[in-house]
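Asks: Protein chains in written order, with our numbering: chain A, 15 to 1283; chain B, 580 to 708.
Take these hints with a grain of salt, some might be off.
Distance ranges between label pairs, derived from CB positions [as the list claims (entries may be wrong)]: (1) B/E653 - A/L1053: 28 to 36 angstroms; (2) A/G968 - B/E653: 54 to 62 angstroms; (3) A/V1037 - B/E653: 15 to 23 angstroms; (4) A/L1053 - B/K693: 19 to 27 angstroms; (5) B/K693 - A/E1228: 45 to 53 angstroms; (6) A/S1131 - B/P639: 38 to 46 angstroms.
Because the hints were derived from the structure by calculation, they are not lab data. If you're wondering where the values come from, they're calculated on a predicted model, not measured in any experiment. Every residue gets a Cβ at the ideal spot worked out from N, C-alpha and C, and that includes glycine.
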Amino acid sequence: MSDNWFGLYKKIKGLNVKTAIIPTVVFVLLLFSTYFIWTKTMEQISYDKKNIFNQEVQRAIKSFQDRIILGNSVLSGMKGYYESMQHPITPQEWLSYIKQLEPQAQNACIDAIGYIKKVPQSNLSEEIKNANDYVSLFSNDFGPVVLHPKENKENYYIIKYLFPLDGKSFNLEGFDYSSQDQLNQSIEASDRFSTIRITPIQKMWDSDHPRVDSLIPIYYKQNYLSESSSTLRGFGLAVTDIDNCARSIIGGSIVGGINYKAADITDGNRVDFFQSDNWGKYPFQFFQQQKVNFYNRQWLIEFESVPDFGNTASNTILVFLIPIFGILISFFVSSLVLMYSTARTRAYSLVDKVTKLLQENEAKLKELFYQAPDPIFILDNSGNFVDMNSAGEKMHGMTKEELIKNHTIFDFISSSEKKVNKSFWDEFIKQGNVRFDFIFKHPISGEEQYIDVTATANYLPGLNIAVARDVTKNRETEYALKKAEQLWKTIFSAANDAILILDDNQEIVSCNDAAEKIYKESKGEIIGKKIINIRYDKSQEEINKQFEAMLISDGSIFETKQIRSNGEIFDAEVSVKPFKIFEKKFIVDIVRDISERKKMEEKEKKIGRDLKILSESNQAMIRSLNEDEFLNKLCRIIVETGKYKFVWIGEAFDDDEKSVKPVAQCGFDSDYLNNIKVSWGENKYGVGPTGLAIRNKTTSIIKSVKGDPSYEVWRQEAEKRGYSSSIALPIIVGLKVFGALNIYSSEIDAFDEEEINLLNKLADDIGFGIYSIRLKNEIKISEEKYRKMIELSPDAIVIHSGSKIVFVNNSAIKIFGAKSSDEIIGKSTMDFVHPDSVDMVKKRILEMIEKKEPVPMVDEKFLKIDGSAIDVSVVAAPIIYEEHPAIQVIIHDVTERKLSEKKMKKLNSELEKFKLAVENASDHIIITDTDGNIIFANKAASQTTGYPIEEMIGKNPRLWGGQMPIEFYKGMWNTIKYEKKPFFGEIRNRRKSGEFYQAVASISPVLDEKGDVMFFVGIERDVTKERAIDKSKSEFVSLASHQLRTPLSAINWYTEMLMDEDVGKLNKKQRDYLQEIYNSSKRMTDLVGSLLNVSRIDLGTFAIEPKPTDIIEIVKSVIKELSHQIKKKKQKIIEEYEKEVGLLNIDPNLMRMVFQNLISNAVKYTPPEGKIDVKINKVGDNIIILVSDTGYGIPKSQQSRIFEKFFRADNIREIETDGNGLGLYMVKEIVEKSGGAIRFESEENKGTKFFVSIPISGMIKKEGEKKLS
Amino acid sequence: MEQKQKNILVVEDEISVLNALADKLEREDFKVFKAKNGEEGLKSALENRPDMILLDLMMPKMDGIEMMRRLREENVYGRKVPIIILTNLSADDKITWAVAKDEPAYYLIKSDWKIEDVVDKVRDTLGME
């Protein structure tokens, strides 16, 4: 079950999902593709538009020119016509002329003919009327147009179009004035014409004929009166011959989406005529201009397109739909991807959670499952058992394994169950959830139970769960009540005993069916008889007497003899009881024919024997714990009690021969079993009763050994021993045949039906006995296992039952600090609960009792036997212990854990402090990972390097380092990374500002438990200033000493040469003076040397270079050097050196300086004939040097200052002028810097003792640039 | 036993010291060449091939170390001639040691030595009585 879950989980977890990235990429790609397609489409559309525009312009110009040509020719024709006619032309004449023209010319040039007349304003109305009269010839005219010049509204031209020549075109401007309103409108509208430049007529043919030539706009109108809906669609040249009622529109290119502008440029000035309303409103459109000549004038015609020019429906769709669809699709697709990814991610986390929950709950669920009081079964779809809890095993009286291996649930449905069967089960599988009850047959006891089942089909694929509950008692009660009524009815009619109802006259008033059988006559015949008629043994008087007694009794039973209708007399047992119905007395008289029973009494004696066997066998069963003992005991009981010749029990083995081997026997055997062979297989040895019994699970009887052919194989041996008949009964354990019980009798046909029945029961008992013995043993073993487990559990286990502890394991004894379980058992668990935890524990106990579930683990405090507290984590569960409800408490000692938690807490706070300290340390501190990437830097690091902390994190210290030779860094990395040792050194670095600085660095690897490097901690200190100062100091000192010494050398050498009398003899005075010069110069030289040493000491630049040295040799040579002075002062020097001192690891040069100073001081400050002691001893781990003298001593008040630089005590200053006060300072520094110590004892005028101790391990090595000299 | 007069080159920028040494050595019967700096010293050494050179370290133009280095590189004579370094710089100056060790060179601190002792050291080094 759990394997499936984990399998699924692993599969899904194997995939790696990048939830957000893929959808984003998809979205961006789709957007880009959309943009690309859109721009390409736009380009194409724009290209197409321009082409169309150019074509349209060309076409318009061409059409325009064509029409001018045509117009000219038509007008020329008109001129000719006029001239030939010599009078004002009438409409009819005009029409007939027009009709002569070519159809093309008509269409192209002359759209209408009409009437035009110049009238003064006063005559306008009349003239219009006339005009109407004039044109009434034509049916489909559309009214005159009234023209007037803009400047002069006195004179009007009335133009009356008669009809459009083609009879259909309403393209032209025209105005209706059929009503006064329309006339007004027409007049008003005619103003528009005045905005058109009306070119004065060029006299083309005759000055008498006024004519208007104009370039006119052409509008398309839905309704030509409505200006608002007009759309400029083209332009044309209008030629209006006023006198002759002729007006022609020439030209008129009509192109959608193109704006026009026309200007007269004949005179070199540009005179604008007209333009489309929207001209120039749309920048960045297509534009073209053309010059056109007509009627001796030059016109400039300009074209521009409007934005929707050339927009086809498909273009519009493309332009708008591509981006819209593109964006929508992008969103849609990427959302789908995102949803998919998210869903998947969620699914994984869900699976994670579910898996975790499952894991966590599995154990608990299992426990609940197995310990549930109701039987729970897990079944597959065919009704096979898959799993069950112990209650389920108990219900069937079989182990889980047996049930799973050998049974389906259908094996346990009672044959009396009608509803629940295979098809019911199949229906349930389809339905899912069902609750039903059925009659369960116990496989061993055969007992039937009503079982209520709550079942869920396919709770996991192919698995069904059923929870059963024994409701037999409920059902039985129900049935009993329901059937009670019926029962009484049934009893009355179906009872085997005759039931007679007698009235108080001893007459039978009712009877049942059984009465018919007993008295062998019909009910009708029986009813109406009196008692005397059926009684054989009593007289009427006796009956009367008895009857009276009956009526007042509580009922009685007696035996009597009665007579049937056929005269047969029989023994009867009569039970009578009186009852009343509405004050009338009746007697119910139950008559039982006991003649058969009487016969049986004989047999009963024999059955009594068998019963004895049974009861004894039951006793044996209860008492025996051992199978062999039980079976042998049984055999003995059967032989002894049943008086059989021989009994044996054979066990059937599933070997090749299918043999039956005796496991118990009793009676007269005489080696019978050793001489025969029995099998339960289908062979020669398997045809006997034993074989048949086992094979067929039925009782098999040999009535006569002599006559039965199936007994051939064993007959001889059986007869020898006097076995005349035998019976074999199968012994069934659980559902398997264990073997057979074989009984031999010396009588032929010794086993009658009753005996066989009883023996069968006996065989059943044996089977059950074996089963229960085995069960007992199994239980014992599993109990033993559990007990061991608990005993050995490292966790303390306490079982608490009936308000006291009834069991503890060894761990519990230990945890409570007891010596034995006796100290704990019998006390209450609460005695061991710490007061802090009492409330919680009580709460948990209540919860556990209420829910009957284990309570989860919590931390509590318990008390030991001695009253001390212990931290524990506790889990408890209700259990049954020795058949009583109890609580099992598992206690885990968590003292250690608590302690370490406390420690951790403390450690953490320490770490926090440490972190704070590091943060604010004045040294530059950084922490890097193993590759040198900075993961921490403190403030000082930022200040020193000049890089802000944020800039440092993640970078390598090369950010400011890398100024040293590569070898330096190689060595450093080798030390810290491979040797895993701290590195110390001085590094030249560079600040962010570019300034170099010198730092003393220590870099240490931080190792983990395995010894692998986790981090490097680098601590640096900017020592640039110190170094600069040091450098300048030491430079100064070196220079000073050199410069001072050089002249001193010259002084010395010249003095020496003089004193040696190299250059001539000296008198005494001269010699003395020279000696003074020389001494002073020498002192100066020494002082310079001492100053140099002191400066090196102060700078810390002097080196200590210990090597194995004989200290005694040094002291001796120093004394030797001073021997001259010692002798001179007649001093006594005593040397005492311990022999074992040997070679010491000391710096000989420095050691010599120590001795030189101490001993020369002693000599210098000890009066003549004084005593000087020099001793060297080994004391413990130290070498102690003692230099003592009997000199002037050091005044007490000045003793504290003697190691100060340039200090000289007052008393010796007067005595000995030679001395610079630097000696003891140097000695102290040398001794202490090299790990030793110095002290002194002094008393004025008595002497001084200097003690110097040097560790036996020697002086501490010190790297330095200079030696002291 | 009559010994051939030995030639000594003294290289020293401090004239008083130079003269003191030269006078003393001449009185002790050495032939003395004087040089006031490394440059002169190197020139004189290669010209006169003295048996020994007394060499100061801190000098103008060319210091003693440089002069010694060049001399040692110059030829067989230069490599073999014993040099006594006479200086007031401390003996532990690393540079000095680097040059002086493993060479036929000796190191004296002027202020520590009497002039008589210097002459004795010269005699010693030359293997003279």
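Asks: Each of the hints needs a verdict: does it hold here or not?
Replies: Hint check results:
Hint check: B/E653 to A/L1053, Cβ distance near 30 angstroms, so the stated range 28 to 36 angstroms holds. Taking 54 to 62 angstroms as the suggested C-beta distance range, the pair A/G968 and B/E653 conforms, at roughly 58 angstroms. The hinted range of 15 to 23 angstroms is not satisfied by A/V1037 and B/E653, whose Cβ atoms lie roughly 42 angstroms apart. Between A/L1053 and B/K693 the C-beta distance comes to about 25 angstroms, which sits within the given range of 19 to 27 angstroms.
B/K693 and A/E1228 have their C-beta atoms about 31 angstroms apart, which leaves the hinted 45 to 53 angstroms range violated. A hinted range of 38 to 46 angstroms for the beta carbons of A/S1131 and B/P639 is consistent with their spacing of about 40 angstroms.
Checked against the numbered hints given earlier, this structure breaks hints 3, 5; the rest are met.
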